[in-house]
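Could you slot chain B onto chain A? The hints should help.
First to last, the sequence lines map onto chains A and B. If you read the first sequence in my numbering, its first letter stands for residue 1, the second for the next number, and so on. If you read the second sequence in my numbering, its first letter stands for residue 1, the second for the next number, and so on.
Some hints could be false.
To be verified - Among the chain A residues that face chain B by a calculated CB cut under 8 Å, a handful are: (1) Thr46; (2) Val146; (3) Ala150; (4) Gly152; (5) Asn154; (6) Glu161; (7) Gln182; (8) Thr186; (9) Ser263; (10) Val264; (11) Glu313; (12) Glu316; (13) Thr317; (14) Val320; (15) Met323; (16) Val626.
Calculated from the structure, these hints are not laboratory results. The beta carbon of each residue, even a glycine, is placed where N, CA and C say it ideally should be.
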Amino acid sequence: MIDDPVAAFRVEAGEVLDQVEQGLLDLGHRLDDIDLVNAVFRGLHTLKGSGAMFGFDALAGFTHHCETAFDRVRKGQVPATAALVAVILSAQDHMRALVDGDAPKAEGDAILVRLQAAIEEASGTAPAAPAAAGCAGWKVSFKLPVDAMANGTNPLMLLDELRELGDCAIVARTDAVPPLSQLVPTECHIGWDVTLVGDIKRDDIEDVFIFVMDDMELTIEPLAADGEVAAEPARIEEEPVVALQAATPDSPTARATAKAEESVRVPAGRLDALMDRVGELVIAQSRLSQLADRGQDLVLRSVSEEIERLAGELRETMMVLRMVPVGSLFSRFRRLIHDLARDTGKAIEFETEGEATEVDKTVIERLFDPMVHLIRNSCDHGLETADDRAAAGKPSAGTVRLAAHQAGGEVVITIRDDGRGINRARVRAKAEANGLIQPDQALSDHDLLQMIFAPGFSTAATVTNLSGRGVGMDVVKRTIEGLRGSIDVQSGEGEGSLIALRIPLTLAIIDGLLVRVGTGRFVIPLTAVEECIELSLEDDMRHRGRSLITLREKLVPFLRLRELFATDTRPDPFQKIVVVATPQGRVGLVVDQIIGNHQTVIKPMTALHRDATTFAGATILGDGEVALILDIAQLIALGQPHEETLRAAG
Amino acid sequence: MTASILAVDDSASLRMAIRIALTGAGYSVTEAGDGVEGLAKANAAKFDMIVTDLNMPNMDGLSMIRELRKQPAQAGVPIIFLTTESDPEMKNQAKAAGATGWLVKPFVPDQLVKVARKVLGR
Numbered sequence: 001m002i003d004d005p006v007a008a009f010r011v012e013a014g015e016v017l018d019q020v021e022q023g024l025l026d027l028g029h030r031l032d033d034i035d036l037v038n039a040v041f042r043g044l045h046t047l048k049g050s051g052a053m054f055g056f057d058a059l060a061g062f063t064h065h066c067e068t069a070f071d072r073v074r075k076g077q078v079p080a081t082a083a084l085v086a087v088i089l090s091a092q093d094h095m096r097a098l099v100d101g102d103a104p105k106a107e108g109d110a111i112l113v114r115l116q117a118a119i120e121e122a123s124g125t126a127p128a129a130p131a132a133a134g135c136a137g138w139k140v141s142f143k144l145p146v147d148a149m150a151n152g153t154n155p156l157m158l159l160d161e162l163r164e165l166g167d168c169a170i171v172a173r174t175d176a177v178p179p180l181s182q183l184v185p186t187e188c189h190i191g192w193d194v195t196l197v198g199d200i201k202r203d204d205i206e207d208v209f210i211f212v213m214d215d216m217e218l219t220i221e222p223l224a225a226d227g228e229v230a231a232e233p234a235r236i237e238e239e240p241v242v243a244l245q246a247a248t249p250d251s252p253t254a255r256a257t258a259k260a261e262e263s264v265r266v267p268a269g270r271l272d273a274l275m276d277r278v279g280e281l282v283i284a285q286s287r288l289s290q291l292a293d294r295g296q297d298l299v300l301r302s303v304s305e306e307i308e309r310l311a312g313e314l315r316e317t318m319m320v321l322r323m324v325p326v327g328s329l330f331s332r333f334r335r336l337i338h339d340l341a342r343d344t345g346k347a348i349e350f351e352t353e354g355e356a357t358e359v360d361k362t363v364i365e366r367l368f369d370p371m372v373h374l375i376r377n378s379c380d381h382g383l384e385t386a387d388d389r390a391a392a393g394k395p396s397a398g399t400v401r402l403a404a405h406q407a408g409g410e411v412v413i414t415i416r417d418d419g420r421g422i423n424r425a426r427v428r429a430k431a432e433a434n435g436l437i438q439p440d441q442a443l444s445d446h447d448l449l450q451m452i453f454a455p456g457f458s459t460a461a462t463v464t465n466l467s468g469r470g471v472g473m474d475v476v477k478r479t480i481e482g483l484r485g486s487i488d489v490q491s492g493e494g495e496g497s498l499i500a501l502r503i504p505l506t507l508a509i510i511d512g513l514l515v516r517v518g519t520g521r522f523v524i525p526l527t528a529v530e531e532c533i534e535l536s537l538e539d540d541m542r543h544r545g546r547s548l549i550t551l552r553e554k555l556v557p558f559l560r561l562r563e564l565f566a567t568d569t570r571p572d573p574f575q576k577i578v579v580v581a582t583p584q585g586r587v588g589l590v591v592d593q594i595i596g597n598h599q600t601v602i603k604p605m606t607a608l609h610r611d612a613t614t615f616a617g618a619t620i621l622g623d624g625e626v627a628l629i630l631d632i633a634q635l636i637a638l639g640q641p642h643e644e645t646l647r648a649a650g
Numbered sequence: 001m002t003a004s005i006l007a008v009d010d011s012a013s014l015r016m017a018i019r020i021a022l023t024g025a026g027y028s029v030t031e032a033g034d035g036v037e038g039l040a041k042a043n044a045a046k047f048d049m050i051v052t053d054l055n056m057p058n059m060d061g062l063s064m065i066r067e068l069r070k071q072p073a074q075a076g077v078p079i080i081f082l083t084t085e086s087d088p089e090m091k092n093q094a095k096a097a098g099a100t101g102w103l104v105k106p107f108v109p110d111q112l113v114k115v116a117r118k119v120l121g122r
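In isolation and in its complexed conformation, chain A is listed as follows (with noise of 0.2 Å):
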């Protein structure tokens, strides 16, 4: 779909590396696992082909001797150490610049004299290892649960998807086959000996079988590079294969498509200008609705109804193709702890939980760089070293677990470390030392845990230069919130951290309050709305310059937004008072008219108003009208000011 091949193998280069990066970290744990070796060597060997096809030389050179090098562990001529493992990585890292465009040859000339001194280290070192498999074919010896028949899985197609993989003698075995009087003609009792030849991926043989590979025989053996079959040479029975070849569909054209891709490859650009439009045509197709309901046509009214329903439809098909699994982004972390590792000196295990919970792609993309940030912190302020862990009765390794799951609107993804906890009084002393908080100030321990977001903070004693210093977590908390998400933080001390970040699972469309304040209509965002009740005229009276109403009991103050945005029309006689959950409590929301809900498509502020920092955006209405979205948080910041002046003043 890109246009431009360069950009193109610029995109499929840098997932190779993904591949390879992730391969040679696994390599790492499993130094004899032949198929990461292949998995590697198999990567290299794309990208110096491709690379010089698309005029990438000096990457194909460079990759070129890393490709020998790894060509060499496959074969088994060389063991694959954690030294060489280590310089393919950093050649890795060069090899995105090269594809980038910006690699100092110096960097590159030095990482290959490391790689020969690894080659020369690892083949003095420990004898070749058995020789690696060969491309030569597969030896595949299957059979099927008795009732896979009958429960629609058809042999004949797995046959046939085999002969496609390359070419293919088949042997039936039909020893378990019972005498024709106990048959029952929807079991499957034959076994099927095949012998594929050629240069076939293992994966591809398995994926033949995916769907009953659990509960089948499958045996896939290399055959040894002469050709020779491992078990007697195929005896070609003719009567399955004449059978075989009656019933496969030989049109070429039917073979193209049964290889057609998995999935189509679609710039991001595409996709957001095909949600922009989508979010054109639900808006659209609100003042549809508003011109139906306000006439009598009644066949208008139910093709304006119809296109409701697709619109909705065609919205949520939408997001579905937006979402991509937050595995993606976990898996680029596995990179970063290894390097935390290794400059820390500290042992650190990895794991992570519900990759696949699928998340929208704009979000996984702005959630990269401060997690980076709170995996930093885990590593590096958190984890102890091994010396203290041990002190401490735990296991030498720490552990830095993510993991995510969905919930309702929201993904939630935390990061915990079984590391030292934070330490309550230092935060106290440096957040006094900040002038942050008064030294006598009684503090819950939540607010206290909390003053590690506030701008300027810093807990480590040393500023390293793995945690930055202490400009981070603001930055964090502040790009969470700018997901409209939010960050909370658990400690005990001794028992590690848990940082836990809640994300809405798209940035598009809200579901959303509309309310009307003086002329202006505004959008609340649902999530965050626990009721609507009226503000009747005694508790206007009563609480005059003391904005607090008595709900069940409670004390909730309120914000009247006719104030804050000063409009100057009168006020409607019956106000009503939005109450919205924040993580300060319940603030209520004075408004004149609560008009109702609203699917809001958000459109970003422009440049010009990127200081009106109380408006998350805009919406347009189904009149065509703008109506700006609220960004509750900063809407309470704002107006606490705004309370104490005018207490002041009154």
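Frame of chain A; chain B shown alone:
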């Protein structure tokens, strides 16, 4: 002859997505909104393949698959169920009920077509 496929799902949008994907690939598609309707339609006309959601009102996908497999006429008809990656237990239950294969939601049209071609061979 065009292969006929029954799509059972309570979500109209998903049925639509299935229909568009499969008719685009040359299959004919019949829709049913829940397990009861799916069972009735499957018994009224023989389909070459059935695609079904698992969570549905009235009769869920698991019960429908079990009911279908009880009938000799439905033996060998491939049944593909739609599932979410996060639920491996569901996958095992559906396979035990007699399903042929699965497709993980969300999917793109090509994945569905690929599965259809895999089990139907055409």
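Checked against the structure, which of the hints given earlier come out wrong? Result: hints 1, 2, 7, 16 break, sorted rising.
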